[in-house]
Amino acid sequence: MNDTAIKKYRLSDFILIGIIIICAFTLTAVFFTSGKNELCVSVYQANKLIYQKALSEVEKPYEYTVYGDLNVTVLIENDGVTVISSDCPDKLCQKAGKLTQSGQSSVCLPARVSIILEDSANATAQNELDGIAR
Amino acid sequence: MKNNTLNPKNLKTVQTALLCSAAIVVSFVESLFPYVLPVPGAKLGLANIITAVAIDALGFVPGLCIVISKALFALLTRGVLAGVMSFSGSALSMLVMYLFIKSKFLFGYLGIGVSGALAHNTGQFVVAYFVCGRAVIYYIPVLLITSALTGCVSGIALGILSTKLIKTMNFMKSGAKTKHT
Chain A
1 MNDTAIKKYR LSDFILIGII IICAFTLTAV FFTSGKNELC VSVYQANKLI YQKALSEVEK
61 PYEYTVYGDL NVTVLIENDG VTVISSDCPD KLCQKAGKLT QSGQSSVCLP ARVSIILEDS
121 ANATAQNELD GIAR
Chain B
1 MKNNTLNPKN LKTVQTALLC SAAIVVSFVE SLFPYVLPVP GAKLGLANII TAVAIDALGF
61 VPGLCIVISK ALFALLTRGV LAGVMSFSGS ALSMLVMYLF IKSKFLFGYL GIGVSGALAH
121 NTGQFVVAYF VCGRAVIYYI PVLLITSALT GCVSGIALGI LSTKLIKTMN FMKSGAKTKH
181 T
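Protein chains in written order, with our numbering: chain A, 1 to 134; chain B, 1 to 181.
Careful: at least some of the hints might be erroneous.
The list that follows gives simulated cross-link-like pairs (lysine-lysine, DSS-like), each with its CA atoms no further than 25 Å apart [said to hold, decoys possible]:
id: 1; chain 1: A; residue 1: Lys48; chain 2: A; residue 2: Lys98
id: 2; chain 1: B; residue 1: Lys9; chain 2: A; residue 2: Lys7
id: 3; chain 1: A; residue 1: Lys53; chain 2: A; residue 2: Lys98
id: 4; chain 1: A; residue 1: Lys53; chain 2: A; residue 2: Lys95
id: 5; chain 1: B; residue 1: Lys102; chain 2: A; residue 2: Lys7
id: 6; chain 1: A; residue 1: Lys7; chain 2: B; residue 2: Lys167
id: 7; chain 1: B; residue 1: Lys9; chain 2: A; residue 2: Lys8
id: 8; chain 1: B; residue 1: Lys164; chain 2: A; residue 2: Lys8
id: 9; chain 1: A; residue 1: Lys53; chain 2: A; residue 2: Lys91
id: 10; chain 1: A; residue 1: Lys95; chain 2: B; residue 2: Lys43
id: 11; chain 1: A; residue 1: Lys95; chain 2: A; residue 2: Lys60
id: 12; chain 1: A; residue 1: Lys7; chain 2: B; residue 2: Lys104
id: 13; chain 1: B; residue 1: Lys9; chain 2: B; residue 2: Lys167
id: 14; chain 1: B; residue 1: Lys102; chain 2: B; residue 2: Lys9
id: 15; chain 1: B; residue 1: Lys12; chain 2: B; residue 2: Lys164
id: 16; chain 1: A; residue 1: Lys48; chain 2: A; residue 2: Lys95
id: 17; chain 1: B; residue 1: Lys167; chain 2: A; residue 2: Lys91
id: 18; chain 1: B; residue 1: Lys167; chain 2: B; residue 2: Lys102
id: 19; chain 1: B; residue 1: Lys43; chain 2: A; residue 2: Lys98
id: 20; chain 1: B; residue 1: Lys102; chain 2: A; residue 2: Lys8
id: 21; chain 1: B; residue 1: Lys43; chain 2: A; residue 2: Lys91
id: 22; chain 1: A; residue 1: Lys8; chain 2: B; residue 2: Lys167
Counterexamples of contact, computed for chain A against chain B with all Cβ distances above 10 Å [stated by the list, open to error]:
id: 23; residue: Asn47
id: 24; residue: Tyr51
id: 25; residue: Val58
id: 26; residue: Glu59
id: 27; residue: Lys60
id: 28; residue: Pro61
id: 29; residue: Tyr67
id: 30; residue: Gly68
id: 31; residue: Asn71
id: 32; residue: Thr73
id: 33; residue: Ile76
id: 34; residue: Ile84
id: 35; residue: Thr100
Bear in mind the hints are in silico, worked out from the structure with no lab data behind them.
Where is the CB? At the ideal position from N, CA and C, for every residue including glycine.
Using the sequences and the hints, build the whole thing.
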């Protein structure tokens, strides 16, 4: 009665995988080739923008600490941003390393802190949207 | 061997419990190897195989039991956020795999594994989006690629395992029935 067993592989499986990979590459292309504006770092805590800085305005590297239940310290340099310390247990945000390109981000879920590097035009547009939403 | 007779309903409960413990053990052992893939936070999601086998052989409710017990385990050992993320991911992936397993002609086991992994990542992504905001959007391409890869692994393993496991479990069932009647 249960003879119509599921096959191991079907053509539709490979089509699904193909679609996923194409979507991934398309999204990557959209995220990483959006103009050649200057880079801008945005720090969010609990979904709110708490700090924003254009990297071109950074002369000397400095540290910025987000205080909360778990503190996260970010090193902001002229050419990139690095999470250098975090109180969270898994340290995934530190393992993301130095962010240097538009569209890269480092997220610390336990601390609810996220650091995004993006085009400044993109960043300001998003903030206006957020302003309307509020 | 008269005492060995087992009501089919009890057998189903026992099998569900066995698969629950198997899923927890698999996901725990998997978490001991933090970097199978060079992506922070990515796991192979081998417990999805167990969930799929449970849905295939036992049905919807046993699958849900596995999801809940896994989420409880994550909640107790790794905290509230991990529990919520585990539940959202595996519940969504269970629903998707249930649909595709029941509609037998849409996908093979490979496609079921891939769609399960994709749904798992989607469920976790939604929670991460609410916790962290839009920074995680940039992570979508990475998630898509990893879910394709890990889904392939679990899908192939599922194809190899499920026919054998389901045969064994059905054998146990038929044995139980004949002994019971």
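Straight-line alpha-carbon gap Lys9 of chain B to Lys7 of chain A, limit 25 Å: Given pair Lys9 of chain B, Lys7 of chain A is violated - Cα atoms ~28 Å apart, limit 25 Å.
Given pair status - Lys167 of chain B, Lys9 of chain B, alpha carbons within 25 Å: Holds, at about 18 Å.
Verdict on Thr73 of chain A as a residue remote from chain B, using beta-carbon distances over 10 Å: Fine: 17 Å to the nearest Cβ keeps Thr73 of chain A off the interface.
Given as non-interface: Val58 of chain A, which should sit over 10 Å from chain B by C-beta: Label holds. Min Cβ-Cβ 20 Å, cutoff 10 Å.
Non-interface claim for Lys60 of chain A versus chain B (Cβ beyond 10 Å): At about 26 Å from chain B, Lys60 of chain A clears the 10 Å cut-off, so the statement holds.
Check on Ile76 of chain A being off the interface with chain B, judged by Cβ distance over 10 Å: holds (16 Å)
Pair hint outcome, Lys102 of chain B versus Lys9 of chain B [Cα-Cα no greater than 25 Å]: Roughly 21 Å between the alpha carbons, so the hint for Lys102 of chain B and Lys9 of chain B holds.
Agreement of Lys48 of chain A and Lys95 of chain A with the hint, judged by alpha carbon distance not exceeding 25 Å: Status holds; Cα separation ~23 Å.
Lys95 of chain A paired with Lys43 of chain B [C-alpha distance capped at 25 Å]: Given pair Lys95 of chain A, Lys43 of chain B holds - Cα atoms ~15 Å apart, limit 25 Å.
Assertion that Gly68 of chain A lies outside the chain B interface [Cβ separation over 10 Å]: holds (13 Å)
25 Å limit on alpha-carbon distance, applied to hinted pair Lys9 of chain B and Lys8 of chain A: violated (29 Å)
Given as non-interface: Glu59 of chain A, partner chain B, CB spacing beyond 10 Å: holds (26 Å)
The structure fails to meet hints 2, 7, 17, 23 from the earlier list, while all remaining hints are met.
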